[in-house]
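The listed protein sequences derive, respectively, from chains B and W. For reference, each letter of the first sequence is one residue, going 1 to 285 in this note's numbering. For reference, each letter of the second sequence is one residue, going 1 to 413 in this note's numbering.
Just so you know, these hints were derived from the structure itself, not from any lab. Given the structure is predicted, the values throughout are model-derived calculations rather than measurements. Any given hint could be a false lead.
Stated by the list, open to error - Covered stretches of chain W (in silico footprint by chain B; criterion: 3 or more residues with CB under 8 Å from a CB of chain B, positions within the stretch not fixed):
#: 1; segment: 149-162
#: 2; segment: 241-251
#: 3; segment: 258-270
#: 4; segment: 273-282
Beta carbons are placed, not taken as given, at the ideal position from N, Cα and C, and that holds for glycine.
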Amino acid sequence: MILLQVVVGGLLLGALYALFSSGLTLIWGMMNFINFAHGEFVMLGMYAALLAAAWIGGGPVVFGLTAALGLFFLGVVVYFALIREVMRGPMLAQILSTFGLALLLRYAAFWVFSPNFVTLPHPALAGTISLAGILLSIPQLVAGLAAAVLTIGMHLALTRTAVGSQLLAVAEDRNAAMLMGIRPDRMQALAWGLAAASAGIAGALMAISFPFSPAVGETFALTAFVVVTLGGFGSVPGAMLAGLIVGLIQALSAYWFGPIYKDVVVYGLFVALLWLRPQGLLGTA
Amino acid sequence: MKRPIAFIATIAVTAALAVPVIASDTVKIGALYPLTGNSAPAGQAAKAAIELGIEILNAAHPELKGLPLAESAGLPNLGGAKIEVIHVDHQGDPSVGQQQTLRLITQEHVAALLGVYHSSVALTATAVAERYGVPFVIGDSVAANITQRGFKWTFRVTPIATDFAAAYTQFLKEMKATGKKVDSITVLNENTDYGTSVGGSIVEVAKKGGFDVQQIVYNAKSTDVSAQVLQLKEKKPDVAIFVGYTADEILYMKTLRDFDYMPTMIIGDDAGFSDPSFIPAVGDLAQGVLDRSAWAAGAPGSVTFAINEMYKARTGRDLDDTSGRWMQAFLVLADAINRAGSTDPARIQKALQETDLKPAQLMMGYRGVKFDASGQNILASTYLIQLQGKEYEAVWPEAHATAKLQWPMTGWK
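Could you build the full structure based on these sequences and the hints that come with them?
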């Protein structure tokens, strides 16, 4: 029974990993661009939720949407102000630009919010329910399920809607898309907005249960890179699958081998899988 | 004239205020803190405590009964000389600490040094003092090896990992003696220097004390601690002892509630449990948890209460454990300089070696101050405090308690 508990907990956490990683993989798929500031987007989503909970009140829907909208706006601004310019520069400039952005956002957050840990005000969501002998904390259950729904929704939006097709068209062939009357700039800005919004909403959902400080982005960025690489760069379903796998392996190895070994197991399996399948689980070579 | 020395000293101080102070009238001490960088808040709080200590020593405070040198103004054995502290920032950087120590010794010609918060800085700074033969008193840095290098000029007043382990074990033995069920203990410690040294000491000392002890080691940067909590739930110890940082301890309290498991008692080892974010975040889930602190303001009318009021008047905050340990170290050093009757480092070293302060002469809850050959205070100890409502109250040892111990803890119930 405890094993089942561990499995469910791992999957719920994995769904959150999947959600914020899908934003990272989306940007890679669209523009072959690695965003090192992705973990900081998650962190800002957490603080956006905190500010919304303090100023507006209301439940997770209110602060989740606030974080998503706020981060969408930030993603678009970052695209027009920074990314569009550095895309013309050499590869190294592209890599270092978002690295610089990550540091700027992190230390700006230190300055504005102080380095202390904070948590969302308590009664946002609380309590546990017992399902067939498994204790589930309601915040984690809501966050995990919402994350799974949003990630699937993002995948469907990309593959089943007109805007999604336009996004993919730009990713496929920028010039051909332009000839078809699609504005690549708008589409790429939209991709940045969506990516940042998914990170923001994942941050807001995690903020319900986790204490956080401006340094928290680091941990999430690393997880996101592992998930995206494991799932295959550019693949949202791949990120979904890989996120769940990483969450599950972490939980099981922490339970079986002890908490300090869980990252060793995850990264060990990660390296082994890349050796066998360098393009990732659902990626194309 | 009841106190001719105090009278003369007061006149000397008044005179000193009127005319420029000449060097021989003051005793220079160098103090190294982290005044900028990540640990700046702790460094600034410690500096405020040292400034209060200077004021207590240099002016007459007859209301602080028992505290050495408080009732007189200045250092009586040096003709009422005042203490001057040169405050220096080491930024939490061992190499800056090294350079600043060198500067304080060679250019400022300080009689003794005081510091430093970061154990890493303590290791480099004390090495310089050792080379030049200047006494260095450590107020709060706890890494065991600071006093295990055979140094003759390093003196440490604060309790260290083994003292905390001894205090917890002693407390649990006393609980057991009163008929409470305390047989099994699980120690959960994070896996860096701090957690492994303190966690390891507790496991060792508690095992010797006859308890059934288990250990769970984890990484403090985890975003999820449910595996640990489930393991804890399987082991069902009577007492869980947590040695970790802020985010992980907050997460533990929430996850324990989620999985509805509460040990009879939780003891937190300072760091995460004493962080200013702990009570606002999970105070209402953690009712009755124990934490350690060597500082307790005590009842109105006591010396410690008066000191806390003076500190509050300066900073707007209560004195905390870390700053209290700094101030205590400063008072110990001043007492030694006074007994040495000189600013000669070798005589101050000798006086420090002969230090023998009793609990009534201290502001912190140590059993006394007496240094062994390595320079470690062998009488260092700590109180246990308990979260009751929105504040921690001193509950053990009973002689210093401000509230009655609640056993078992009530947590979120």
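How the hints compare with the structure:
| no. | hint | result |
| --- | --- | --- |
| 1 | 149-162 | violated (count 0) |
| 2 | 241-251 | holds (count 4) |
| 3 | 258-270 | holds (count 3) |
| 4 | 273-282 | holds (count 6) |
Figure legend: structure checked against the earlier numbered hints; the only hint not met is number 1.
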